[in-house]
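Protein sequence lines, in the order shown, are assigned to chains G and B.
Residues 1 to 147 in the UniProt record's numbering are what the first sequence spells out, letter by letter.
Residues 1 to 887 in the UniProt record's numbering are what the second sequence spells out, letter by letter.
Think of the hints as simulated: they come from the structure by calculation, not from any bench.
These numbers come from a predicted model, not from an experiment.
Watch out, some of these pointers could steer you wrong.
Straight-line alpha carbon distances no greater than 30 Å define the calculated DSS-like cross-link-like pairs of lysine-lysine that follow [stated by the list, open to error]:
| no. | chain 1 | residue 1 | chain 2 | residue 2 |
| --- | --- | --- | --- | --- |
| 1 | G | Lys-56 | B | Lys-318 |
| 2 | B | Lys-113 | G | Lys-136 |
| 3 | G | Lys-132 | G | Lys-142 |
| 4 | B | Lys-118 | G | Lys-46 |
| 5 | B | Lys-398 | G | Lys-132 |
| 6 | G | Lys-95 | G | Lys-110 |
| 7 | G | Lys-142 | B | Lys-420 |
| 8 | G | Lys-142 | B | Lys-118 |
| 9 | B | Lys-420 | G | Lys-36 |
Quick partial rundown of chain G residues pointing at chain B, CB under 8 Å, derived from the structure [what the hints assert, rightly or not]:
| no. | residue |
| --- | --- |
| 10 | Asp-40 |
| 11 | Leu-42 |
| 12 | Glu-48 |
| 13 | Leu-50 |
| 14 | Val-86 |
| 15 | Asp-96 |
| 16 | Asp-109 |
| 17 | Gly-112 |
| 18 | Asp-119 |
| 19 | Asp-133 |
| 20 | Pro-143 |
| 21 | Thr-145 |
Glycine residues also receive a C-beta, built at the ideal position from the N, C-alpha and C atoms.
Letter by letter, the chains look like this.
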Amino acid sequence: MILAVLFANVEGNILIERFHGVPAEERLHWRSFLVKLGADNLKGAKNEELLVACHKSVYIVYTVLGDVSIYVVGKDEYDELALSEVIFVITSAVKDVCGKPPTERLFLDKYGRICLCLDEIVWKGYLENTEKDRIKRLIRLKPPTEF
Amino acid sequence: MAQPLVKKDDDRDDEAEYSPFLGIEKGAVLQEARVFNDPQLDARRCSQVITKLLYLLNQGDTFTKIEATEVFFAVTKLFQSRDLGLRRMVYLIIKELSPSSDEVIIVTSSLMKDMNSKTDMYRANAIRVLCRITDGTLLTQIERYLKQAIVDKNPVVASAALVSGIHLLQTNPEIVKRWSNEVQEAVQSRAPLVQFHALALLHQIRQNDRLAVSKLVTSLTRGTVRSPLAQCLLIRYTSQVIRESGNNTQPGDRPFYDYLESCLRHKSEMVIFEAARAITELNGVTSRELTPAITVLQLFLSSSKPVLRFAAVRTLNKVAMTHPMAVTNCNIDMESLISDQNRSIATLAITTLLKTGNESSVDRLMKQITNFMSDIADEFKIVVVEAIRSLCLKFPLKYRSLMNFLSNILREEGGFDYKKAIVDSIVILIRDIPDAKESGLLHLCEFIEDCEFTYLSTQILHFLGVEGPKTSDPSKYIRYIYNRVHLENATVRASAVSTLAKFGAAVDELKPRIFVLLRRCVFDSDDEVRDRATLYLNTLGGDGSVVETDKDVKDFLFGSFDIPLVNFETSLKNYEPSEEPFDINSVPKEVKSAPLAEKKAAGKKPTGLGAPPSGPPSTADAYERMLLSIPEFANFGKLFKSSAPVELTEAETEYAVNVVKHIFDRHIVFQYNCTNTIPEQLLEDVIVIVDASEAEEFSEVFSKPLRSLPYDSPGQTFVAFEKPEGLPTVGKFSNILKFFVKEVDPSTGEAEEDGVEDEYQLEELDVVAADYILKVGVSNFRNAWESMGADCERVDEYGLGPRESLAEAVNTVINLLGMQPCEGTEVVPPNSRSHTCLLSGVYIGNIKVLVRLSFGLDGPKDVAMKLAVRSEDEAVSDAIHEIVASG
């Protein structure tokens, strides 16, 4: 299960968050934990450089893309490698929508599109689509090219 | 640290940088949402409003029931628009709003229409939305379409239906299970993602049918799986099948091993890793099977991708626990990871190296770790400190460099938890490695010279008071202790005074000098410090008015506080100031029967300072004193052993009763601890009627009733039996609690005059062989075994029959014998097929016994055991064999 996908800006403010199967009362804890993790480790990280951690039985893969840091949390079959796949899909979709690693402004300008991409990539805790070109078509309700 | 929870609407000077959502407000957006009702829909504007709604929801804003309903109804109007982009947004916002069941009806017809639409993408999205908001009744209506969708030519539609199936399986399993055939077909799909989703769903449908899962795995491992993600799933299911097929095959011809091994050569790293991990986790994996997996993991260690490095080192770390030798080849690669930028990787590398390292590499490793420690966070440091503690216990000869390392990091900056972990480790090393004692104590002394944590200072001072006087030159610690009296806060000063007094009591030469120091403390500004100093001055050198003999002094200073703190606190609170001084003897010593949960926590292994070593002996002392105070038991002789309390009632019953078995040479005393949990009742003349018809060799000699048992105030009743002298006689006893019950008026607390006789059935109680053996450990089992000699050794072999696991068999035998496991041998590494466990104890009659148990798996689950016993008396060695033979 992919437990959470989280986007935050440089100051650690949440831009988008999606939780799956995480009780509401635990979300605050995850939010602060992830943002602190990023604050401690993402400084000086290159775009799309993956960082990884585990906390209890849960895996976390996170990275930075332009002004935005992205965190993906998973457990069981979504271990660090599966999550790195997920985060790769997410970063390439975001870059595709924004045209480049986004500034915060650009990210917010494309907010609706990014939400749609996320909706195509992760569906209630499961990875659904993995190719950016297909995702780009799907969010415009176009069928995939290979079909 | 960054502020994670602040709403993102802070002002920015730079025009180009300000947020498009600057100053966004829920009320205004809800107003804007009225555009959804316009007869001429502006698709672009509607999309913008939906984006704003999404932003609000993502920022944690919530809509009231009315607001949500209003927005939802407005959104449904947007189905009229033919704009594709807008439709896609509508699908998303409906899912985000998650309408309540009575509102869903508004949108189902539109969604069902989309589900049958010619536009594929409408179908896929409508399926996802419907499955998100639907309930069971609607599902039966759309089931037909979903089944069709699973085998749809368009992979997006098929995936949407399959992933929906995975979710619906949780709520409506019987419906989804009917789709097996379609899902089976989808597993063969040419589209990689469809195959991945279909495999996941098919496995979930069949997960309780082992045969079906096994068939699925067999057919797929032979065929082709296109998606690496699906391949990973298949590997997981394969290892599940291997696990469940048991150990009935010889190593070498393990089913599916060849498949796993072939996956190690797959082009996707994810698959290679999954296969490697599956191999390392095989039950009873041999080194031959491990080798190829370790080789690929070793390659991953030097990968440029941090995720791969992390995954590899994490897996190797686990392997190191059971097969340290298999991992040693990777040591060089792992050493280079100590400087990895990702601290999680570095920490895992260090702890793995600490597990696989040999005695000769310790020094080199410590040098590397020293550099590494300065730039990691406290939580990582604690992991390292704990690993070093285990390493030191493994190689006691290396204590010098490890102790030095610990003392060095103790001097550096760090938070409380980190410092406590270090201090705990030093304390454990001092206790377990006698040679390390003096240097360890000095390190602790230096630490308290500059310690900012009152808790740690007081704990160390207490520990110094117990251990310091036993060293070769106790006087050298005095300076550190007395410095505390000058430099610290009142709590630490008071502890220091107590510690000084302990030195004075235990070391005669120091006594006059301690007196001088204690007299100075009498002028302290804090009254607790002054009181303690005065008390100790009178105890140590008084005229006999406080304590009479030297032994009393030591008992007073070093003895444990045998009154439960809770009772003491209650009594102090109830004490009203009067002419009559508070009498400590009036405090009840009975311990309340604690709820099960608390006891579990208390049963944790004591570590470091948190649990002072005086725990178990103090209860034994307290029991002995209490039993001696009852005249009928006074001639029973010395108490050999008191068991842990055994519960005779379920949790949360009207009366809570547990029993402690006290073993004497010719007698056994059952101490029933009773608690009355009903406020409206007072129990009188409480007694336990014991039926010993299944314990023929015991005869009841005395029973002591409890006169009164008020609500929530525990009391005890005793029953004593005579038994054959010095023999480990066993038996089963049934118990009935008998009493007079009187009604109590809760408002006044007064009981009625008349009572009614009543009884309450308790659980049965067993006296077993383990009750006659004391858990007494030895510090060096090998030495103890050699010095005991083979004169009274008895060796025999036993078949223990089929067992759940080796660990379960080992535990059963340990519990049967009730002896102390030595050198951590009670822990059986997972997957091992043989294990040696060392036990030590004292048998009734004070005869030392050592036991060496060798277990081996014989066939799939059968456990065979070789039992070697050495003791000071061959009759005792035979008795241990008898216990095992009859157990």
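Do the hints match the structure? See the list:
The hinted pair formed by G:Lys-56 and B:Lys-318 meets the criterion: a straight-line CA distance of about 15 Å does not exceed 30 Å. At roughly 25 Å between alpha-carbon atoms, B:Lys-113 and G:Lys-136 fall within 30 Å of each other, so this suggested pair holds. Between the alpha carbons of G:Lys-132 and G:Lys-142 the distance comes to roughly 13 Å, so the proposed pair stays at or under 30 Å and holds. At most 30 Å may separate the alpha-carbon atoms for a hinted pair to count; B:Lys-118 and G:Lys-46 exceed this at roughly 45 Å.
A distance of roughly 56 Å separates the Cα atoms of B:Lys-398 and G:Lys-132; the hinted pair therefore is violated under the 30 Å criterion. For the hint linking G:Lys-95 to G:Lys-110, the alpha-carbon distance of about 11 Å falls within 30 Å, and the restraint holds. Restraint check for G:Lys-142 and B:Lys-420: the C-alpha separation of about 60 Å exceeds 30 Å, so the hint is violated. Proposed proximity of G:Lys-142 and B:Lys-118 is supported: the alpha carbons are some 13 Å apart, at most 30 Å.
Only pairs whose Cα atoms come within 30 Å are accepted, and B:Lys-420 paired with G:Lys-36 is accepted, the gap being roughly 24 Å. Checking G:Asp-40 against chain B by beta carbon gives a least distance of about 7 Å; that is within 8 Å, so the hint holds. Interface hint status for G:Leu-42: violated, as the beta-carbon distance to the closest one in chain B is roughly 10 Å, over 8 Å. Interface restraint check: G:Glu-48 against chain B, minimum CB-CB distance 11 Å, threshold 8 Å, status violated.
Interface restraint check: G:Leu-50 against chain B, minimum CB-CB distance 5 Å, threshold 8 Å, status holds. With its C-beta approaching chain B no nearer than about 10 Å, G:Val-86 sits outside the 8 Å limit, and its interface hint is violated. Because the beta carbon of G:Asp-96 sits about 16 Å from the nearest beta carbon in chain B, more than 8 Å, this interface hint is broken. For G:Asp-109, the shortest C-beta to C-beta distance to chain B is roughly 6 Å, which falls under 8 Å, so the interface hint holds.
The interface hint given for G:Gly-112 is met, as the beta carbon of that residue sits about 4 Å from the closest beta carbon of chain B, less than 8 Å. At a threshold of 8 Å, the smallest CB-CB gap from G:Asp-119 to chain B is about 5 Å, leaving the interface hint in force. Nearest Cβ of chain B to the Cβ of G:Asp-133: about 13 Å, over the 8 Å cut. The hint is violated. This hint holds: G:Pro-143 has a C-beta 5 Å from the nearest C-beta of chain B, less than the 8 Å allowed.
Nearest Cβ of chain B to the Cβ of G:Thr-145: about 11 Å, over the 8 Å cut. The hint is violated.
Hint check: violations occur at hints 4, 5, 7, 11, 12, 14, 15, 19, 21; the rest are consistent with the structure.
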